[in-house]
Amino acid sequence: MTPGIAKFVFVMMAVGWYLIRYKYARRARREKVVRSARGLRENTLLLISLTGLGIVPFIYIVTAIPHFASYAFRPAQAWLGVVVAIAALVMFRLTHRALGRNWSLSLDVRENHRLITDGIYRESRHPMYSAFWLWAVAQALLMPNLVAGFAGLIGFGTLFFGRVAREEQMMLETFGDEYREYMARTGRIIPRLF
Numbered sequence: 001m002t003p004g005i006a007k008f009v010f011v012m013m014a015v016g017w018y019l020i021r022y023k024y025a026r027r028a029r030r031e032k033v034v035r036s037a038r039g040l041r042e043n044t045l046l047l048i049s050l051t052g053l054g055i056v057p058f059i060y061i062v063t064a065i066p067h068f069a070s071y072a073f074r075p076a077q078a079w080l081g082v083v084v085a086i087a088a089l090v091m092f093r094l095t096h097r098a099l100g101r102n103w104s105l106s107l108d109v110r111e112n113h114r115l116i117t118d119g120i121y122r123e124s125r126h127p128m129y130s131a132f133w134l135w136a137v138a139q140a141l142l143m144p145n146l147v148a149g150f151a152g153l154i155g156f157g158t159l160f161f162g163r164v165a166r167e168e169q170m171m172l173e174t175f176g177d178e179y180r181e182y183m184a185r186t187g188r189i190i191p192r193l194f
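Sequence positions in the sequence shown follow our numbering and run 1 to 194.
Everything labelled a hint here was simulated from the structure, so no lab data went into it. Any given hint could turn out to be false.
[Said to hold, decoys possible] Mimicking SDA-like on lysine to any residue, the simulated pairs with C-alpha atoms at most 20 Å apart in a straight line are:
| # | residue 1 | residue 2 |
| --- | --- | --- |
| 1 | K7 | T63 |
| 2 | K7 | H67 |
| 3 | K7 | Y71 |
| 4 | K7 | V62 |
| 5 | K7 | F58 |
| 6 | K32 | L107 |
| 7 | K23 | L94 |
| 8 | K23 | D108 |
[Stated by the list, open to error] Taking CB as the label site, the calculated pair distances span:
| # | residue 1 | residue 2 | range |
| --- | --- | --- | --- |
| 9 | F8 | I65 | 11 to 21 Å |
| 10 | L47 | R185 | 26 to 36 Å |
| 11 | I5 | R185 | 39 to 49 Å |
| 12 | P3 | G176 | 44 to 54 Å |
| 13 | R38 | A72 | 38 to 48 Å |
| 14 | M183 | V34 | 20 to 30 Å |
| 15 | F58 | Q169 | 25 to 35 Å |
| 16 | V90 | I154 | 19 to 29 Å |
| 17 | F8 | A37 | 35 to 45 Å |
| 18 | T63 | V34 | 43 to 53 Å |
Just so you know, even glycine gets a beta-carbon here, dropped at the ideal spot from N, CA and C.
Please put together the full structure from these sequences, using the hints given.
This is how it looks when you write it as structure tokens:
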């Protein structure tokens, strides 16, 4: 493992993410949105996440900036990053497959929207967020730079903590007791052990 290969793995993770999402985004656009929480706050959170998971690491990949935050490359750490990146993409694919036309980039409820509680959603209410947390961890492991490596955790963390409660409130308003029961038996981003 070399620093160049680690950067290549990150780029391939981003390409894989795009290829997985593209098909589902096209399908979802065909479904009418009946309720949305889009607005300045949501767009700002999405931009912060994109900056941390995409813009900052790609600047680092192309320019090695910021130089002051770099540290010695550790091949074992990068190999662990490869494993985590694969896990992130697998989980990302499973969430999209389970959601189908219910998927949305933002906080939207679509016409004929149904609550998905099977497949990857059987044990966790937000496995797509889990996939993005894995992405952010993979980024930190693959990039030996304190700024570029940890930008994903900060960027996505901002989106997650700024959005998840609003998303769950929207689901409660849409699905009522069905969602309350689902909340009682599942973990938010990791399965409940008991």
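So, going through the hints one by one against the coordinates:
1. K7 / T63: Holds, at about 12 Å.
2. K7 / H67: holds, 16 Å
3. K7 / Y71: OK: K7 and Y71 at ~15 Å, within 20 Å.
4. K7 / V62: Satisfied, since the Cα-Cα distance of roughly 9 Å is no more than 20 Å.
5. K7 / F58: holds, 9 Å
6. K32 / L107: Cα-Cα ~13 Å, so holds.
7. K23 / L94: holds, 13 Å
8. K23 / D108: holds, 18 Å
9. F8 / I65: 11 to 21 Å: With Cβ atoms ~19 Å apart, the hint holds.
10. L47 / R185: 26 to 36 Å: 34 Å Cβ-Cβ, so the 26 to 36 Å window holds.
11. I5 / R185: 39 to 49 Å: Check passed, 42 Å falls within 39 to 49 Å.
12. P3 / G176: 44 to 54 Å: At roughly 51 Å between Cβ atoms, G176 and P3 fall inside 44 to 54 Å, so the hint holds.
13. R38 / A72: 38 to 48 Å: holds, 43 Å
14. M183 / V34: 20 to 30 Å: holds, 22 Å
15. F58 / Q169: 25 to 35 Å: The hint (25 to 35 Å, Cβ to Cβ) holds, given that F58 and Q169 are roughly 34 Å apart.
16. V90 / I154: 19 to 29 Å: Holds, since V90 and I154 (Cβ atoms, about 24 Å apart) stay within the stated range.
17. F8 / A37: 35 to 45 Å: Given a distance of about 37 Å, which is inside 35 to 45 Å, the answer is holds.
18. T63 / V34: 43 to 53 Å: For V34 against T63, whose Cβ atoms are near 44 Å apart, the range 43 to 53 Å holds.
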